[in-house]
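Q: Listed in order, the protein sequences are those of chains A and B. Using this note's numbering, the first residue of the first sequence is number 1, and each one after it goes up by one. Using this note's numbering, the first residue of the second sequence is number 1, and each one after it goes up by one.
By construction, these hints were calculated from the structure, which means they are not laboratory data. One should not assume that every hint holds.
Stated by the list, open to error - Calculated cross-link-like contacts (lysine-lysine; reagent style DSS-like; alpha-carbon spacing at most 30 Å): (1) Lys68(A) / Lys56(A); (2) Lys68(A) / Lys36(A); (3) Lys41(B) / Lys100(A); (4) Lys40(B) / Lys100(A); (5) Lys36(B) / Lys22(B); (6) Lys67(A) / Lys19(B); (7) Lys100(A) / Lys36(A); (8) Lys9(B) / Lys100(A); (9) Lys22(B) / Lys68(A); (10) Lys68(A) / Lys18(B); (11) Lys9(B) / Lys68(A); (12) Lys67(A) / Lys9(B); (13) Lys70(A) / Lys22(B); (14) Lys18(B) / Lys70(A); (15) Lys70(A) / Lys56(A); (16) Lys9(B) / Lys36(B); (17) Lys18(B) / Lys67(A); (18) Lys9(B) / Lys53(B); (19) Lys38(B) / Lys18(B); (20) Lys67(A) / Lys56(A); (21) Lys40(B) / Lys36(A); (22) Lys36(A) / Lys9(B); (23) Lys40(B) / Lys70(A); (24) Lys40(B) / Lys56(A); (25) Lys53(B) / Lys67(A); (26) Lys36(A) / Lys19(B); (27) Lys70(A) / Lys41(B); (28) Lys19(B) / Lys41(B); (29) Lys41(B) / Lys22(B); (30) Lys56(A) / Lys41(B); (31) Lys38(B) / Lys9(B); (32) Lys41(B) / Lys36(A); (33) Lys70(A) / Lys53(B); (34) Lys67(A) / Lys22(B); (35) Lys68(A) / Lys53(B); (36) Lys19(B) / Lys100(A).
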Amino acid sequence: GEDVEQSLFLSVREGDSSVINCTYTDSSSTYLYWYKQEPGAGLQLLTYIFSNMDMKQDQRLTVLLNKKDKHLSLRIADTQTGDSAIYFCAETPGAGNNRKLIWGLGTSLAVNP
Amino acid sequence: DTEVTQTPKHLVMGMTNKKSLKCEQHMGHRAMYWYKQKAKKPPELMFVYSYEKLSINESVPSRFSPECPNSSLLNLHLHALQPEDSALYLCASSDRVRGDTQYFGPGTRLTVL
C-alpha cells in the first residue's frame, strides 16, 4: 500500500537553513503537500507541488521533488524560532477517486537561538 | 480567503453528554472532512462529505455522527463518548473541481471525562 516516511526530529540554529525530507512509495502520486502544525494549533498548508514539477519556491520555502527516487524535500531558508513546529508531508495517491491523503508521521523541527 | 472556522475551541464533556462540533467554510468548497488527531501524530480521517453527501466513513464508531446541513457547514454530533476519544478534532475543506488541496481549521480540543 501507499506509505510516506519522514525523519522524526530535526534541530537547527536560528539563521541556518533547515531541510526536511520525505519519501513516498506511490509512483502515481498527483499532489504532494507540506503542512505545518504549531503546538496546540491546527494544520497550516505551507505549500504543495504537482507531480509534474521538480521545484517550487515561495519566499523562504523551496520544495524539491525527485520523482525517480520518490523523494520530496522542504528547505526553509534563514530558519527562525517561529518555524519551530511539526511538519507533515502528505501525498494524494493517483489511484482511485476518494483522494484520501496519505500522511507521514511528521518531523519535529526545533530551532535553537 | 482560505479560512475554515471551528467552534468551540475547547470542549469538556462527560461520557453521558451529547454535544456537537461545528465547522464552517465560505470558500465555495464542495468537499468537507472530519479528522481526529492525537498528540504529535498525523491526523486520522474520519468522514468525507462530497457535494453534501457522505462519501467516506472510515469505520468510525456510531457515537460519532456527522451531518452536512449545506455546502458551507459541517457538524459532528457526539454521544456517549469514551475517554480515549479525547483528541483534537480537525475540519478541512477542499475544492473538488480545481484540485483537492485541503485547508484545515484550528480544531476543537475535546476532553472526555
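Q: With reference to the structure, classify each hint as holding or not holding.
A: Hints, verified against the model:
1. Lys68(A) / Lys56(A): With Cα atoms ~17 Å apart, Lys68(A) and Lys56(A) stay inside 30 Å; holds.
2. Lys68(A) / Lys36(A): holds (26 Å)
3. Lys41(B) / Lys100(A): holds (17 Å)
4. Lys40(B) / Lys100(A): holds (20 Å)
5. Lys36(B) / Lys22(B): holds (14 Å)
6. Lys67(A) / Lys19(B): Violated, because 46 Å separates the two Cα atoms, which is more than 30 Å.
7. Lys100(A) / Lys36(A): holds (18 Å)
8. Lys9(B) / Lys100(A): holds (25 Å)
9. Lys22(B) / Lys68(A): It is violated: about 42 Å lies between the C-alpha atoms, which goes past 30 Å.
10. Lys68(A) / Lys18(B): Between Lys68(A) and Lys18(B) the Cα gap is close to 51 Å, so the pair fails against 30 Å, i.e. violated.
11. Lys9(B) / Lys68(A): Cα-Cα ~43 Å, so violated.
12. Lys67(A) / Lys9(B): Status violated; Cα separation ~40 Å.
13. Lys70(A) / Lys22(B): violated (38 Å)
14. Lys18(B) / Lys70(A): Roughly 45 Å between the alpha carbons, so the hint for Lys18(B) and Lys70(A) is violated.
15. Lys70(A) / Lys56(A): holds (16 Å)
16. Lys9(B) / Lys36(B): holds (14 Å)
17. Lys18(B) / Lys67(A): violated (48 Å)
18. Lys9(B) / Lys53(B): holds (26 Å)
19. Lys38(B) / Lys18(B): holds (21 Å)
20. Lys67(A) / Lys56(A): Roughly 14 Å separates the two Cα atoms, so the pair holds.
21. Lys40(B) / Lys36(A): holds (12 Å)
22. Lys36(A) / Lys9(B): Since the Cα atoms of Lys36(A) and Lys9(B) sit roughly 19 Å apart, the hinted pair holds (cutoff 30 Å).
23. Lys40(B) / Lys70(A): holds (25 Å)
24. Lys40(B) / Lys56(A): holds (27 Å)
25. Lys53(B) / Lys67(A): Violated, because 35 Å separates the two Cα atoms, which is more than 30 Å.
26. Lys36(A) / Lys19(B): holds (29 Å)
27. Lys70(A) / Lys41(B): With a Cα-Cα distance of about 23 Å, the restraint between Lys70(A) and Lys41(B) holds, given a limit of 30 Å.
28. Lys19(B) / Lys41(B): Cα-Cα ~25 Å, so holds.
29. Lys41(B) / Lys22(B): holds (23 Å)
30. Lys56(A) / Lys41(B): Distance ~27 Å between Lys56(A) and Lys41(B) Cα, so the pair holds.
31. Lys38(B) / Lys9(B): Distance of about 16 Å is within 30 Å: holds.
32. Lys41(B) / Lys36(A): Cα-Cα ~13 Å, so holds.
33. Lys70(A) / Lys53(B): violated (34 Å)
34. Lys67(A) / Lys22(B): violated (39 Å)
35. Lys68(A) / Lys53(B): violated (38 Å)
36. Lys19(B) / Lys100(A): Since the Cα atoms of Lys19(B) and Lys100(A) sit roughly 27 Å apart, the hinted pair holds (cutoff 30 Å).
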